[in-house]
Structure formats: C-alpha cells, structure tokens
Amino acid sequence: MGAVLALSNLLEARQVWRGSAAAPVEGGQPTGWPMLDAVLPARGWPEASLTEILLPADGIGELRLLLPTLARLTQGHRPVMLIAPPYAPCAMGWRQQGVNLQHVEVVDADEPQVLWAAEQALRSGSCAAVLAWPQQADDRSLRRLQVAADTGRALAFVFRDRRHLANASPAALRLELTALPQPLIWVRKCRGGNAPMQAIPFELRMAKALPSSPVQALQAGEG
Amino acid sequence: MLWACISLPHLALDGVLRRRADDAPLVLVDGPANARCVVAANLSAQAAGLRVGQRLSAAQALLAQLEAIPYDAAEEDRWQRFLAGVAYRYSSQVALLPQAVVLEISRSQSLLGDWPKIERSLRHDLAELGFRHRIAAAPTPHAAHVLAGVNDGMAVLTREVMQRALDVVPLHQSHLPERAVDALPRMGIRRLGQLLHMPRDGLQRRFGAQLLQHIDRLLGDIPPGLELHVPPDAVDWRIELSHEVENIASLLFPLKRMTGDLAAYLSGRDGGVQRFALRLEHRERAVTEVAVGMLSPERDANVLFEAARGRLERVQLSAPVLSLRLLADDLPGFVPAGRDLFDERPANALPFEQLCERLRARLGDRAVYRWAATIDPRPERSQRIATQDEDFIEPRVRPTWLLDKPVPLRGVLRILAGPERMETGWWDGDAVRRDYYIVETEQGQRAWAYCAPGAQAGWMLHGWFA
Numbered sequence: 001m002g003a004v005l006a007l008s009n010l011l012e013a014r015q016v017w018r019g020s021a022a023a024p025v026e027g028g029q030p031t032g033w034p035m036l037d038a039v040l041p042a043r044g045w046p047e048a049s050l051t052e053i054l055l056p057a058d059g060i061g062e063l064r065l066l067l068p069t070l071a072r073l074t075q076g077h078r079p080v081m082l083i084a085p086p087y088a089p090c091a092m093g094w095r096q097q098g099v100n101l102q103h104v105e106v107v108d109a110d111e112p113q114v115l116w117a118a119e120q121a122l123r124s125g126s127c128a129a130v131l132a133w134p135q136q137a138d139d140r141s142l143r144r145l146q147v148a149a150d151t152g153r154a155l156a157f158v159f160r161d162r163r164h165l166a167n168a169s170p171a172a173l174r175l176e177l178t179a180l181p182q183p184l185i186w187v188r189k190c191r192g193g194n195a196p197m198q199a200i201p202f203e204l205r206m207a208k209a210l211p212s213s214p215v216q217a218l219q220a221g222e223g
Numbered sequence: 001m002l003w004a005c006i007s008l009p010h011l012a013l014d015g016v017l018r019r020r021a022d023d024a025p026l027v028l029v030d031g032p033a034n035a036r037c038v039v040a041a042n043l044s045a046q047a048a049g050l051r052v053g054q055r056l057s058a059a060q061a062l063l064a065q066l067e068a069i070p071y072d073a074a075e076e077d078r079w080q081r082f083l084a085g086v087a088y089r090y091s092s093q094v095a096l097l098p099q100a101v102v103l104e105i106s107r108s109q110s111l112l113g114d115w116p117k118i119e120r121s122l123r124h125d126l127a128e129l130g131f132r133h134r135i136a137a138a139p140t141p142h143a144a145h146v147l148a149g150v151n152d153g154m155a156v157l158t159r160e161v162m163q164r165a166l167d168v169v170p171l172h173q174s175h176l177p178e179r180a181v182d183a184l185p186r187m188g189i190r191r192l193g194q195l196l197h198m199p200r201d202g203l204q205r206r207f208g209a210q211l212l213q214h215i216d217r218l219l220g221d222i223p224p225g226l227e228l229h230v231p232p233d234a235v236d237w238r239i240e241l242s243h244e245v246e247n248i249a250s251l252l253f254p255l256k257r258m259t260g261d262l263a264a265y266l267s268g269r270d271g272g273v274q275r276f277a278l279r280l281e282h283r284e285r286a287v288t289e290v291a292v293g294m295l296s297p298e299r300d301a302n303v304l305f306e307a308a309r310g311r312l313e314r315v316q317l318s319a320p321v322l323s324l325r326l327l328a329d330d331l332p333g334f335v336p337a338g339r340d341l342f343d344e345r346p347a348n349a350l351p352f353e354q355l356c357e358r359l360r361a362r363l364g365d366r367a368v369y370r371w372a373a374t375i376d377p378r379p380e381r382s383q384r385i386a387t388q389d390e391d392f393i394e395p396r397v398r399p400t401w402l403l404d405k406p407v408p409l410r411g412v413l414r415i416l417a418g419p420e421r422m423e424t425g426w427w428d429g430d431a432v433r434r435d436y437y438i439v440e441t442e443q444g445q446r447a448w449a450y451c452a453p454g455a456q457a458g459w460m461l462h463g464w465f466a
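Each protein sequence line maps, in turn, to chains Y and L.
Just so we're aligned, residue 1 is where the first sequence starts under full-length UniProt numbering, counting upward by one.
Just so we're aligned, residue 1 is where the second sequence starts under full-length UniProt numbering, counting upward by one.
Bound conformation, chain Y alone (with noise of 0.2 Å):
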C-alpha cells in the first residue's frame, strides 16, 4: 500500500488493456499496388470474397491490376485458375511480371460451364484465386461465386464489360478501370467502407514491366 508505481512500467509489461481505437481488418492480401491498398477497407484484397473488374475494352491493364497478387501466391506455390481467359496468358510477360506459371492452371470452358466451373473451383478451398471471364453473368451466378468464394476461402476476380456497372451486384468490391485520358482504377462499391470519389492513378509504364536485376546481367551477357 503506497507504493508508487511507475505506469509506463504497467504498460511495458502490457498488464493495462488500453482501450484504444479497433484497427482496420486488415486482410493479408495486398493488392501490390499501394495507392489502391490505401483507399480500400481491408488494405487489401476483400478475403474470400468477390471482387468485380469491370472494363470498357481488353489490354487496358486489367491483369498487371492481379499480376502483382498472382505473383505473390504463385511463388507461395499456392494454384491460381484462370477459367476462360479471352486470350492465352503469355507465358513469358506473366513470368517477367514475376508469376510462377507451375501453378497457373488455364480451364477451357464453353460460356454455360464458365460459372459453374468458376464456382467448383472456389468452392473446392484448394485454389488461393481464381479469375473468370463469364459472358452472361446476373446477380443470382455472381451471387453463388460470392458465396463459393466464401466457402473455400479464396480470392476471386469477374471480369465483365463496364455496360454492367449500372446493375448492382453482390461482389464485396468492384472496380471499375478507365484508359481515357488516363489509366484510372475507380472503386465503385467496397465492402466495409464508402467508395473513395477520387479515382486512383494507375501507373503502367511499362519499364517498370521487367525484373531489374536478372535482366541487365542478361544484356550484360549479351553486350
């Protein structure tokens, strides 16, 4: 009794709850692009959710938006699909953006099989992302993604015409990218917190494309 005690002891020994603010759930899926990771709820990728692409035309950057997420689970040696890709992946330029190909599956389907394989692959939990390029998609399929997604906690990625935006869906983020003027990522709906009104730049130039190091010893050699 009496004795004093020093609080900045108590809380070095972290006796004291301090009833600080709740943090951010932030999820442990990193978009790779820092500027989008700031303005989204999770910081992140929503976790085993949809997230919607939606796109005004093909080769406007939608996929080096993932290649950064796809790099980083393909090295963890974790499978990603990709369920009717409108192109071939080129393996090379996948690789220069760091992806590991051994475990990139590609799934041909025709456009009735594109959700319902869609959905068995995320609902099996042993793919760490899938992407799918659905042609008809309504609120009822995205919604059963969505729900698959959740099931077998993985990360999945529609891609779909931007004339969609004006329909609402169930995914827990959409995106929206614009070319014009300039490449742009806008967040039209997220999850856990209002929409930012400001568009994200997206920068896409295209000497950042390749690996540094490997590929200059590689001129080197060469020169």
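Keep in mind that a hint or two might mislead.
Stated by the list, open to error - Label pairs and their in silico Cβ distance ranges:
1) Y/Gly192 to L/Ala319: 45 to 51 Å
2) Y/Glu12 to L/Asn302: 53 to 59 Å
3) Y/Pro86 to L/Gly454: 27 to 33 Å
4) Y/Leu184 to L/Gln388: 37 to 43 Å
Unchecked claim - If you want the footprint, here are the derived chain Y segments under chain L, 3+ residues with CB under 8 Å:
5) 53–65
6) 76–90
7) 97–106
8) 119–133
The set of hints was computed from the structure by calculation and includes no laboratory data.
Every residue gets a Cβ at the ideal spot worked out from N, C-alpha and C, and that includes glycine.
Fit chain L to the known structure of chain Y by using the hints.
Frame of chain Y, contents of chain L only:
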C-alpha cells in the same frame, strides 16, 4: 499364428442385391428347368413367406411380382475372389475356403493394431461393400472357419481356449467330410469335442485318413494346406443390368458400385489406377467404349466415380445398354499426395488434384492445362502446353495476353515503344522478319503489334499489355 475368417453365408445373393437400388422381392433359383428351386431369397421375399428349398412354382404362387434370377456359381466365385482381394489389404496370406475368406493377421497386428481394431475395420469395409458376413479369429484357419459359422465375433487367441471352444461345436457345423457328419450322430457323437477324444486308429479304420487329416488341420497339428490367394494384376468386371437401360442416369448406381469396388480392390493391393475403360454392351455384341484417364494414379472411390461419371454423361447412347463392364489392365503404384501439416485450407477442402479431375471429367480431357515458356524467340512458338518451364527470362518486354493467331489491327495508333526487330527462324523454314512495336489504340488499349520491317503500316495485333 492367428487366422481370421470372414464367412460369407449369403455371398451369391449379396452379389446380386448390391447392384440394385430397390428392395423388390428377389430370389436366386437353381436346378433343372422343370424343377427349379429357391436357393436364396432376399428380405422382402422372405417376409412374403418364401423359403429356401421351395419350388419356384410354389414361390410364384405366393408372390406374383417375384424376380427370379438363376444362381451363377462362377459369379459367386468371382465375388469371393474379389473379397479376397479386399482382404489382401490386411494380410499377405489370404486363402479361400468354401463361402469364406481366411487371412493370417498375427503379423499385421503391429501395423494395424490389435484384433478388435482389425475386426472393426474389416466389418466396416464389408458393410460398405454390401456383403453380409460373420467373422471369427482362431490360431488355425479351419478352426476360425468353424467358429465363424457358430459364433459371430468370436476370437480365441490360444490353442487351449480354441480347443474348449471347438468342443461344444455341433457336428453339423464342423465343416468335416459329409460322410462322417452323416454317420457320427448315429453313433451318439453329436459334438466336435466327443469326436476329438475318440481313439484315432478306430476313426481311421471307419472313415479313412481323410477325416483324421481334417481334424489335424483343424487343430493345427499339421499345416493348413491352403493355397494362398494372389490378386490378379488386371481388372475385368461385368455387371449384367436387370433390364435394358436407355438413359445414362440409370447406369450411375451400378457405376458407383463398380468404382467403389475398384477403390476397395486397389487399396487391397496398395496400388492405383490411371486409365480404365467402361464398356457399355448393347444387343448383338455392339459396344460403346468410354475411356477414363486421369492425370495421376488415383484410388479414392469418389474420384474414380466422378471421373467415370463425367465421361459417361457426355456419351450419347445409340442403343439400350444390357451390361456394364469395367476394364483396367494398367494398375500402377499409388503415391498419396503430400499435405502440409499446417495447412490453412478449410477442413472440407477438395484436394487440388481432385478439382482438376472433376473439371476434366465435365469439360474434356484437354480442358485443364498449364502454359510453359520455351526458348524459341518466335512468339508463335514461345510457349507450349507443358508442365515443365524453361529456366529463361526474355530480356525484352512481352505482353500479358498473346493471341493464338495475329489479326489485323486498324484505327489510329500511337507508337509507345519500338521497334524490336525480330529476324529469326531461318533455320527451320519458318522464318520471321518483323518489327514489333508497343502501340496505343484509340480506346487506350496497349497492344503488341508488328509490321513488315520499316513499314509502320499494315499492323498485325499479336498481344495485349493487359
């Protein structure tokens, strides 16, 4: 030595019943055409008052909707051999006795646990396969066979206890030669114990050496004289369907049984199967063959069923199916997939290999694949479908989508980078002379396009920087 005996009193009937999903009255009949007798009846037939030994005409009088199937000894024999193959999982010494399978288990106990555990596991396997059974264990195979018929679940571990257990067995359940079993009760000998205490020379004079040999084998005084069962290296099973089947869905139940049997058989020989064939047999020897191939050897019942079902469902039946046959002649070793001890995946997760099999079964054998880069600089040949990658990274920037075939690219283009002169392939007659550029289309797409060297016109689109 400790022998377990699986006695299968209803082998022929169970072999027929397990293929049927319904429980309609059914009997097996045997005998000459004018005097067919019931040799086995299922539960619903018994409930209607049908008994073994009844004339078929009498049985049909009792029950109008009665299905009578001829008893087939070869079929019964096949099922017995199949179950011996299943038992092979528990012991390398498996032999056949009439309507029974015996296996030596004293050496398996250190691997599989003590007898009650093995017994539970055996009973589970047999119940899963749909065979009624009685199980007993004793130091000799013949004693185990006798005890299984008397007392289901009995296990005697020492010779002394075995002797006492055998003493009380009624003679008609002793599996001794028929002549002795018929004659001995008339001499006042009704139990095995009484017989075992009789003087040997008297028995030999009366019944010959055969009876004594049986007794010695029963007690283990001489080796059991069994021929050990060796499971065959190929599978060829056939199921006759009870009626003509015209839609694939009706084939799924027998198919599930067959693939389940295959899984049980494969785990018996600790092997797997990578390719097998289903043969749908129609009238006049026409067949539809369905090949089932998997990426790696498998033996899980569900995987085999799903793989077979997916392929079967894509078949258009041209004629009704009379019977289903499963053929597998290549049974390679099976290596279970390694799993991470601290796997974070959900508990009910489907293994990745099984997911691929399921997708292949429905979408086609070539629907799931991986790309691998090659060292060929020509974009058309820069990648192939393979599992092994070349360890090489192209120093010049490559797109992320690649078109199978270049297509003309029209509209106003802005050159962002280039040219990259590609002049190669002259050595194999497929020479390429192109200038590759990175161009931006009016919509802001970034394309990987080429044109004739120095032309900057007549653009061909070859990829997207997506």
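Right, here's what the structure says about each hint:
| no. | hint | result |
| --- | --- | --- |
| 1 | Y/Gly192 to L/Ala319: 45 to 51 Å | 59 Å, violated |
| 2 | Y/Glu12 to L/Asn302: 53 to 59 Å | 55 Å, holds |
| 3 | Y/Pro86 to L/Gly454: 27 to 33 Å | 32 Å, holds |
| 4 | Y/Leu184 to L/Gln388: 37 to 43 Å | 40 Å, holds |
| 5 | 53–65 | holds (count 9) |
| 6 | 76–90 | holds (count 7) |
| 7 | 97–106 | holds (count 6) |
| 8 | 119–133 | holds (count 7) |
Violated hint: 1 only; the structure is consistent with all others.
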